[in-house]
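Asks: If you read the sequences in order, they're chains A and B. Here our numbering is used: the first residue of the first sequence is 1, the next is one more, and so on. Here our numbering is used: the first residue of the second sequence is 1, the next is one more, and so on.
Simulated from the structure, these hints should not be mistaken for lab results. Virtual Cβ for every residue (Gly too), placed ideally from N, Cα, C. A hint or two may mislead.
[What the hints assert, rightly or not] If you anchor each label on the Cβ, the simulated ranges turn out as follows:
| # | chain 1 | residue 1 | chain 2 | residue 2 | range |
| --- | --- | --- | --- | --- | --- |
| 1 | B | R242 | A | G244 | 20 to 28 Å |
| 2 | A | G381 | B | N45 | 56 to 64 Å |
| 3 | A | G213 | B | N211 | 43 to 51 Å |
| 4 | A | T441 | B | D222 | 45 to 53 Å |
| 5 | A | E303 | B | D125 | 52 to 60 Å |
| 6 | B | G283 | A | E150 | 22 to 30 Å |
| 7 | A | K265 | B | G283 | 39 to 47 Å |
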Amino acid sequence: MTSQQQQQRPPKRQVRPLALVNAHLIDPASKRDEQGGVLVEDGVIRDIGTQITKHQVPEGAEIVDCGGHVLAPGLVDMRVQLREPGDEHQETIETGSLAAAAGGVTSMVCLPNTNPVIDDVAGVEFIARRARETKRAKVYCYGALTKGLEGKDIVEMGLLHESGALGFTDALSAIADSQVMRRALSYARTFDLLVVQHPEEPRMAAGGAMNSGELSSRLGLAGIPACAEVMMIERDLHLVRMSGGRYHVAHVSTAAAVDKIREAKQEGLRITCDTAPPYFSLNEAEVGDYRTFAKLSPPLRGEADRRAIAAAVAEGVIDAIASDHAPLDVESKRVPFAQAVPGVIGLETLLPVSLELYHKGLMPLIDLMRCLTCRPADILGLPQGRLAKGAPADMVLFDPDRPHRLDAEKFRSKSKNSPYDTRPVQGKVLQTFVDGRLVFTADA
Amino acid sequence: MTAPQTPSSSGRPSAFFPHRHLLGIEALSADEIGRLLDLADQYANMAKDDERARRLLRNRTVMNLFFEDSTRTRTSFEVAALRLGADVINMSVGTSSIKKGETLLDTAMTLNAMKPDVLVVRHGDSGAVSLLSQKVDGAVINAGDGRHEHPTQALLDALTIRRRLGRLNGLLVAICGDVLHSRVARSNILLLSKMGARIRVIAPTTLLPGNVDRFGVEVFTDMRKGLKDVDIVMMLRLQIERMQGAYVPSIREYFHFFGLDYDKLAAAKPNALIMHPGPMNRGVEIDSEVADDINRSVIREQVEMGVAVRMACLDALTRPLTGEKGTAQ
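Just chain A, same shape as in the assembly (with noise of 0.2 Å):
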């Protein structure tokens, strides 16, 4: 276990058992799917079933009444940007610890272009100290998988996957250097270390603001295609062959990027990928009237591809949802289309949105949470994620079906930059938990 997760054991002993009974209990990792409770001693899962009733419960035992709503593992993101340390008027450890415990996220991992790049142990060491200071959601981080982002040189991996890095990535940058990736997914298998990839062949993608297409023509801005996804993908696929490392590829948006996803794990490839909610639920439409709110990386797709998206999580070829929290000031948006900054909030976001796959009958509920929950924990090697005997009582009570009107205004997060305000959505967040702690109640 690394000392990161170490850290954030929770200070004390907790006095009372606490019970959380009449629940609609979901557990993707076991399968879990039926009404009863569950029992938490010190931060850990003692028990768990239909057999914990109110009645059935220790002497002494704070209950909590679920209502029948749904209770599942509080929601791993393995994808957000914390701002910290250096832009912490966009966000902050804190700020988005808040965010993601009203979002129901108990655990994320933040990426490493901070200011400075996460590249070292100290930089390592300086996320888990925060992290501990919060008490919120539990806040891990990759470290950069080339010193100071520059695709050149490996970062000491093996030193910092020990502090407590949970992966390697560049974070908003794919390595364009062919012999530098190969050698970085050849480092990395020496650990057995999971290497993140932002999918994007960077020639094809430079001074692009919005997706290929005949909207980017109308609108006069200059198109990234969508094939610079699945080109960067299928090169990476012929150095994951060679060094047989642990591959990831970040957010995907495409159709072709899922078909050779498909193929690379059909052949027995050692690679997973996540994608965000903007790329199920939003297309290049968006952008309409030059909506920067709606300038993402890589850029919202046609409707074909959201709908391939859409599909693909349904089908499991995708493994995860994360977020892809990116928090941004006015100042990285109110300017022209071209020259506003990538990026959306997600945090409070990532449920709601989510659910819509379910409510449209895409795929039942438990399938869409295990790729909220024990997917990307198992992809980081988390032991969370999961309603099970002996792992950390990190949890989600939810009501799936409640409708209610999305409100930026409303959001913990220290940026508001939505492309989702105003949307009407179902499901909502009721309660939150990590270690056993109430972290977040929702208004009534």
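Guided by the hints, dock chain B onto chain A, whose structure is given.
Replies: Then chain B, alone, in the frame of chain A:
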């Protein structure tokens, strides 16, 4: 002793060592390796001013031709040749005509015209020594070609082990570090396999050659696992320019995971021997204390055996000239 034959190329390979050149371990049989080691063993036991040895290569010319910098190997060959009474000429890259644009083969022809009996050649390109050997009349000894082979190093390592442990067959040997760029590793894998040892290679994946598992070795990326129960720990040198991000991120990380210290060595057999072909990078691939441990480290002995092995190789390759006699019979 009969009068020297001329030209030297007229001699057919001897029955003792049926090869004109020593280009690598690959072409040698286990018997031939065993005979070379026996002969080297006798040289190792011989006084350094042995008179019979001093006469063996009298009036013979040994030319050291080093296209790559070397102090240790070149000196070792020079001492070996001098103890056998040969005339020794050293040519190094700084003074060679390669700097003036002459091709390798032109250099070979030029030197051949001076009729050396033995050419000891080191070159930075794999296969270059073999190419040169096709154009000269004397015997050629490969003193290291690129990442390919370094046969006399493997022989001296084997001799060192054999004198310490009495055998090679059945030993478990770990070769650790930059296997990818190491000719020493390749020659040692070949030699020790032929002699019945079991071999493990331990390195970060970036420093392992592709398909190294097909060399008949076990592959490890974790020192503690790879060193478990081994009889011999062979460390390889890591070039400074390879530890700054391309193959390995830093010296600190390399030493932490792959440097030989007492902690990692604890996994090996209690009396396991430590070897290093030199020159060592203390604090990079090997801890100073371990390198200097008089009970475990045989690094100085390796250098000593180097001279004996090179005397044996010079003797074996000149048997057609010396009339199958040799000295150490």
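Asks: Each hint: holds or not?
Replies: Each hint, compared with the structure:
no. : hint                          : in the structure
1   : B:R242 <-> A:G244: 20 to 28 Å : holds, 21 Å
2   : A:G381 <-> B:N45: 56 to 64 Å  : holds, 57 Å
3   : A:G213 <-> B:N211: 43 to 51 Å : holds, 44 Å
4   : A:T441 <-> B:D222: 45 to 53 Å : holds, 47 Å
5   : A:E303 <-> B:D125: 52 to 60 Å : holds, 57 Å
6   : B:G283 <-> A:E150: 22 to 30 Å : holds, 27 Å
7   : A:K265 <-> B:G283: 39 to 47 Å : holds, 44 Å
Every hint, counting from the list given before, is met by this structure.
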